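Protein sequence lines correspond, in order, to chains A and B. Residue 186 in full-length UniProt numbering sits at position 186 of the first sequence, and the numbers go up by one each step. Residue 382 in full-length UniProt numbering sits at position 382 of the second sequence, and the numbers go up by one each step.
No wet-lab data here; the hints were simulated from the structure. Note that the coordinates shown come from a computational prediction; the quantities given were computed from them, not determined experimentally. Built from N, CA and C at the ideal position, the CB exists for glycine as well. Each hint should be verified, as a subset may be incorrect.
Below are the SDA-like pairs computed for lysine to any residue, each with C-alpha atoms no more than 25 Å apart in a straight line [said to hold, decoys possible]: (1) A:K221 to B:T239; (2) A:K320 to B:R395; (3) B:K437 to A:V325; (4) B:K345 to A:S13; (5) A:K326 to B:K345; (6) A:K320 to B:K345; (7) B:K398 to A:T71; (8) A:K321 to B:K345.
Residues from chain B shown here face chain A by an in silico Cβ test under 10 Å; the list is partial [as the list claims (entries may be wrong)]: (9) A267; (10) G337; (11) P338; (12) Y421.
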Amino acid sequence: MGESDKNEIYLSSSPHYASPISTRHVMFAVVAVLLPLALYGVWLFGLPALVTILASVVSCVAFEALFRKLTKQDIRVGDFSAVITGLLLALILPPATPVWMTVLGAFFAIVVAKEFFGGLGANVFNPALTGRAFLLVSFATPLTTWSAPFVADAISTATPLSVIKPVDGVVLSAGQIAQRTGFFSEGDLYLNLFLGQRAGCIGESGIFLILIAAVVLIAAKVIDWRAPVAMVATAVAVTWIAGIDPLLTVLTGGLLFGAVFMATDYATSPVTPLGRLVFGFGCGLITALIRVFGGYPEGVMFSILIMNALTPFLNRIIPKKYGWVKPAKKEKAVK
Amino acid sequence: MSIKSFKGGIHPPERKDATRNLPVEARFPSTKLVWIPVTQGGAPNKPLVSVGDSVARGQKIAESDAFMSAPVHASVAGTVKKIETHLVTGNVDVPCIVIEADGSDRTAFLSPLDPFTATREESLARVREAGLVGMGGASFPTHVKLNPPKGAKIDYLLANGAECEPYLTIDARIMEEDAAKVVDGVAIAMHITGAAEGIIVLEENKADLVPVLEAAAAKLRENPVGPGACKISVALCKTKYPQGGEKMLIKAVTGREVPSGGLPSAAGCVVQNVGTLKALSEAFREGKPLIERGLTISGGACATPKNILVPIGTLVGDLIPEVVTLNPGVAKIISGGPMMGFAMKSASFPVQKNTSGVLFLTAKETALVDEDPCIGCGRCISVCSCRLAPVLIARAVKAGNLEEAKRCGLMDCVECGTCAYVCPARVKLVQHFRIGKLMVRTEMAKQAAKKAAAGTDTKGAK
Chain A
1 MGESDKNEIY LSSSPHYASP ISTRHVMFAV VAVLLPLALY GVWLFGLPAL VTILASVVSC
61 VAFEALFRKL TKQDIRVGDF SAVITGLLLA LILPPATPVW MTVLGAFFAI VVAKEFFGGL
121 GANVFNPALT GRAFLLVSFA TPLTTWSAPF VADAISTATP LSVIKPVDGV VLSAGQIAQR
181 TGFFSEGDLY LNLFLGQRAG CIGESGIFLI LIAAVVLIAA KVIDWRAPVA MVATAVAVTW
241 IAGIDPLLTV LTGGLLFGAV FMATDYATSP VTPLGRLVFG FGCGLITALI RVFGGYPEGV
301 MFSILIMNAL TPFLNRIIPK KYGWVKPAKK EKAVK
Chain B
1 MSIKSFKGGI HPPERKDATR NLPVEARFPS TKLVWIPVTQ GGAPNKPLVS VGDSVARGQK
61 IAESDAFMSA PVHASVAGTV KKIETHLVTG NVDVPCIVIE ADGSDRTAFL SPLDPFTATR
121 EESLARVREA GLVGMGGASF PTHVKLNPPK GAKIDYLLAN GAECEPYLTI DARIMEEDAA
181 KVVDGVAIAM HITGAAEGII VLEENKADLV PVLEAAAAKL RENPVGPGAC KISVALCKTK
241 YPQGGEKMLI KAVTGREVPS GGLPSAAGCV VQNVGTLKAL SEAFREGKPL IERGLTISGG
301 ACATPKNILV PIGTLVGDLI PEVVTLNPGV AKIISGGPMM GFAMKSASFP VQKNTSGVLF
361 LTAKETALVD EDPCIGCGRC ISVCSCRLAP VLIARAVKAG NLEEAKRCGL MDCVECGTCA
421 YVCPARVKLV QHFRIGKLMV RTEMAKQAAK KAAAGTDTKG AK
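All chains should be built: construct the whole structure from the sequences, respecting the hints.
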């Protein structure tokens, strides 16, 4: 009998059937919707953006492979998880971030935030956000130096978000903000923000692309609608109370990007439906509080990182089980 | 007709086309041997026959005094050759009575009994004597199920014809070919349990059977054999797995939920598989014990998928290649369906009262993949048929935190496998739950033993 005649019978616990959707497919779907955002960022901000994206993705993948090789674990580059972290990190960095800084951020994201905690699925804090937080507190100036779209040199430009921020309790109207940031009118401001024609991080500006990505990911059941919707709704509601134009809350900064791509991160956000709603609510609330009262113009990054720490507790909010009986009834039975 | 459903569930490829339209063929292998497991559902039986005894078809050959037990009968007429252990579903060796068929048709059936004139006690005794157990897979003794605890009022008798497992078509064939017997079985079960309403529940993919069953029910109404026969209807449920699970079926049809740890009777329901109901009708009308059953043989590595009727105890391996021929590349042999069936180490195992199908799957069809790390996507929670949190149960079990596992629903899990099916990381969730349940039971037994030991200690001190 040849080798081909050998018939191996496999034994295993049921089920013996599996959906064709694997981790790889899920991750690939996220890469697929992030790519247009990355390309749009390159179109807006030119070569520096491309360099940042490539540096981030390549170093994330390399750091993951290297770390796992050094620690004698199987190399999991094929699951695209490091590619996503690399893309996410680049998209939330200013276009002209120095390459060495991007690489350092990638190291922090992959090695410190992800692999030190046990790798894929085991990390507590969102790797990309942790990497960015590390860079922001270490190198505040380059991380807040924005380039205007279609301008070759990076010069410190005011972002609409920094203008929106109430100073000494004075809140500017959308019209005033349009004037200060060099737009003709309110409508012009809204439209340009929607199309991402503003200074900001590489991937956060293309609001219309983020919205398309959200619809695609939710429809394909890759992400759950609860956390992003709760986050945006809460942030809008709270900033609106503070007198800030609700549309501007959504269109500026990284609120939408964070809600769609960061608050839905599998490993670091709750798995239960109600847990996700509360998680989104918390993210929105903290974002709004930082935007209105905090020392930084943007609060999305810190809000999600803070809520990441609460995820294990939010996971305690489980759905009502089938046939669940009130424990009070049990006491009666005991009597 | 409104389509009923429950929350959660999945829709795996059905792959029922291979056998759905093939009539059930009665077959018996030329080896002429049957290996009848002494116990098939309920408490352990003891053999009533010895090697060398001549037995008739339908003769009782093993039983137990325990209430929660069902006797076993000779499925062929012949001679008892040996009583020894043999591999059965579950990959364990259990005592079997081996009978060589002599080709005669000597039968020893019970006498027919009119279910509508017999007393409840007589009827329940008949159900037990005929060795009826749930044929859908659980092999729970039917007389126990038809005898709900005192005080429980049964509103609905649900005939489970959902057959939500992929590949399997035997229940559909039974309903198509023996609709009258199924409906008669429903009427009998309603009479015994006092159920006011009987509902035959099908998945939408079997909607073509609705007129067949309704015609059979209408015929029964023309000649009412007993009270209650008039309230038999057919209900359609959405085609999704695990619609045929007892708890899901009750939820979908009545909107009620079986309380955690309780019986369906607590929700006013008794659920019986359609095959069992057909056997119930035969046990009364013909006095025929449960000695044969239909099953689906299918799968990608099976060259001749079919629905067959064989005596209980027929070795599946003996059917190859006379009745069933295989393609090369069998990777898994499954007793049951692909979602809840048992992977067997060899095809040499007997068809039992609860064997609804045998599948020969290729490596491509079955999930031969290693576990990846859980990414925490929560898909398992959104599909769980019991609204549990599978990922959290698995994490708690792995951490040895049984209290947390129980809080998240470990003991409420029906092991339907829906969570493991959708898991993109291929985490073997059901396997983790089985280990967890075992840990809980071991812990409970330990505590019980401790209590008992403490009790004797104090006695000894006195």
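Cross-check of the supplied hints:
1. A:K221 to B:T239: It holds: about 20 Å lies between the C-alpha atoms, which stays within 25 Å.
2. A:K320 to B:R395: Judged against 25 Å, a Cα distance of about 19 Å means the pair holds.
3. B:K437 to A:V325: holds, 20 Å
4. B:K345 to A:S13: Status holds; Cα separation ~12 Å.
5. A:K326 to B:K345: violated, 44 Å
6. A:K320 to B:K345: Violated, at roughly 39 Å.
7. B:K398 to A:T71: holds, 23 Å
8. A:K321 to B:K345: violated, 36 Å
9. A267: Hint holds; A267 of chain B Cβ to chain A Cβ min 8 Å, cut 10 Å.
10. G337: Holds, about 9 Å.
11. P338: Cβ of P338 of chain B sits 4 Å from chain A, so the hint holds.
12. Y421: This interface hint holds because 5 Å falls under the 10 Å limit.
In this structure, the hints that do not hold are numbers 5, 6, 8, in rising order.
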